[in-house]
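Trainee: First to last, the sequence lines map onto chains A and B. As numbered in our numbering, residues 1 to 254 make up the first sequence, in order. As numbered in our numbering, residues 1 to 93 make up the second sequence, in order.
Heads up, some of the hints might be wrong.
[Claimed, not checked] Across the chosen pairs, the derived CB separations fall in these ranges:
1. Thr45(B) to Gly133(A): 26 to 36 Å
2. Gly25(B) to Val113(A): 19 to 29 Å
3. Lys11(B) to Gly26(A): 43 to 53 Å
4. Asn156(A) to Val33(B): 16 to 26 Å
5. Arg51(B) to Ala170(A): 50 to 60 Å
6. His19(A) to Gly25(B): 23 to 33 Å
7. Ile72(B) to Gly161(A): 34 to 44 Å
8. Gly54(A) to Pro65(B): 18 to 28 Å
9. Ala194(A) to Arg51(B): 36 to 46 Å
10. Asn156(A) to Glu59(B): 18 to 28 Å
11. Ala23(A) to Glu59(B): 41 to 51 Å
12. Lys40(B) to Val113(A): 40 to 50 Å
13. Lys40(B) to Ser236(A): 29 to 39 Å
14. Gly54(A) to Glu59(B): 22 to 32 Å
[Claimed, not checked] Just some of the chain B residues that point at chain A, by a computed CB distance under 8 Å:
15. Met9
16. Pro12
17. Leu66
No lab work stands behind these hints, which were simulated from the structure alone. We put the beta carbon where it would ideally sit given N, CA and C, even for glycine.
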Amino acid sequence: MTWGVVIFPGSNCDRDCVHVLRAVLGQRVVEVWYEDRSLDGVDALVLPGGFTYGDYLRSGAIAATAPVMDAVRAFAGRGGPVLGICNGFQILTEARLLPGTLGRNAGLRFRCVPTWVRVESTATPFTATLPAGAVLQMPIAHGDGGFLAGPEEVANLEATGQVVFRYCDARGRVTPSANPNGSVAAIAGVANAAGNVVGLMPHPERASEVLLGSTDGRRLFESVVAYLTRRASVLSPASAAPTASATPAAGGRR
Amino acid sequence: MPTFRITIMLKPGVLDAPGQAVERGLRALAYDVERVRMGKIVELTTPESMRAKVGEMCERFLANPLIETWRIDEVPAAEPAATGGPGAREGRR
């Protein structure tokens with residue numbers, strides 16, 4: 001399968017994402033320029049972190065108007081898996097492909113620390129192979145990472161299972177001190193209603209190799225590979241046992 | 001061509017961390033301040049035909065309706081906008 005990593009002016013985690021996907025996971029990767037208008041041949045997409053357009057106006061706001069975003073919107077509309085990491089998450093909320101928004105961290109500090117998140121939903125390509133409640137260690141590095149949404153919207157996200165990751169301590173307990181940025185309901189990552197677009201503030205690509213202290217982030221990328229492989233085997237007429245494989249795949253996708 | 005001054009503020013209740021920091025700074029200078037809210041001002045000059053679109057520009061792009069409110073004021077032609085003039089100089093000190 002082929003991954004696309006979108007590069008905007010001011011992206012700075014794009015090469016980390018390309019490295020993890022290509023060198024660590026052995027995936028085919030194409031670098032997608034922000035002026036590109038086609039995502040043909042791409043099976044899964046990453047919007048990496050950075051400080052696109054200097055965070056002018058609001059973090060991610062200007063990148064959300066880039067030419068490539070029409071193609072991203074179409075790709076997401078077709079059910080393609082899209083992951084927004086950090087600034088990529090901010091871009092997806094500004095493009096209104098994801099609910100809520102990211103505001104200045106409570107306490108004002110730029111936080112660059114290891115965090116733990118609990119998997120709250122497995123109904124996304126990025127968490128489909130993870131056990132619900134799994135605790136993942138991944139670092140954050142942001143100044144505008146406080147997830148914000150109105151009380152009704154938060155209740156709706158909780159009810160529909162669109163809260164995908166929640167900040168917790170190393171043992172999976174959601175406590176005030178484990179919330180690094182004042183996010184409402186300790187929300188670290190959310191999905192769109194269909195589940196195929198996911199954004200999170202922690203950096204899975206910085207937690208994908210033993211050398212970096214955690215390999216938990218790799219599981220998000222591996223989950224997509226398994227998800228798409230399974231979907232392909234269901235959709236392909238050449239599939240050896242289509243009826244046998246259809247049930248677990250549908251279950252995984254929910 | 002009309003010039004519009006758009007004032008964008010965080011909705012009441014949304015954490016305004018920069019505003020809080022400025023409030024602390026003013027208190028540190030011994031000023032008695034009840035509350036500080038920080039916002040943004042955007043001035044734009046458009047062709048007359050775009051007058052009706054300024055609200056849409058705010059809704060779609062200049063502000064985030066989830067967390068921000070905005071007010072659109074037309075800058076009178078006599079008043080030099082932030083680009084110069086005595087008013088602007090005075091504002092800057």
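Trainee: Next, verify each hint and record whether it holds.
Mentor: We went through each hint and held it up to the structure:
| no. | hint | in the structure |
| --- | --- | --- |
| 1 | Thr45(B) to Gly133(A): 26 to 36 Å | violated, 55 Å |
| 2 | Gly25(B) to Val113(A): 19 to 29 Å | holds, 26 Å |
| 3 | Lys11(B) to Gly26(A): 43 to 53 Å | holds, 47 Å |
| 4 | Asn156(A) to Val33(B): 16 to 26 Å | violated, 37 Å |
| 5 | Arg51(B) to Ala170(A): 50 to 60 Å | holds, 57 Å |
| 6 | His19(A) to Gly25(B): 23 to 33 Å | violated, 42 Å |
| 7 | Ile72(B) to Gly161(A): 34 to 44 Å | holds, 39 Å |
| 8 | Gly54(A) to Pro65(B): 18 to 28 Å | holds, 23 Å |
| 9 | Ala194(A) to Arg51(B): 36 to 46 Å | holds, 38 Å |
| 10 | Asn156(A) to Glu59(B): 18 to 28 Å | holds, 21 Å |
| 11 | Ala23(A) to Glu59(B): 41 to 51 Å | holds, 44 Å |
| 12 | Lys40(B) to Val113(A): 40 to 50 Å | violated, 29 Å |
| 13 | Lys40(B) to Ser236(A): 29 to 39 Å | violated, 52 Å |
| 14 | Gly54(A) to Glu59(B): 22 to 32 Å | holds, 23 Å |
| 15 | Met9 | violated, 13 Å |
| 16 | Pro12 | violated, 12 Å |
| 17 | Leu66 | holds, 5 Å |
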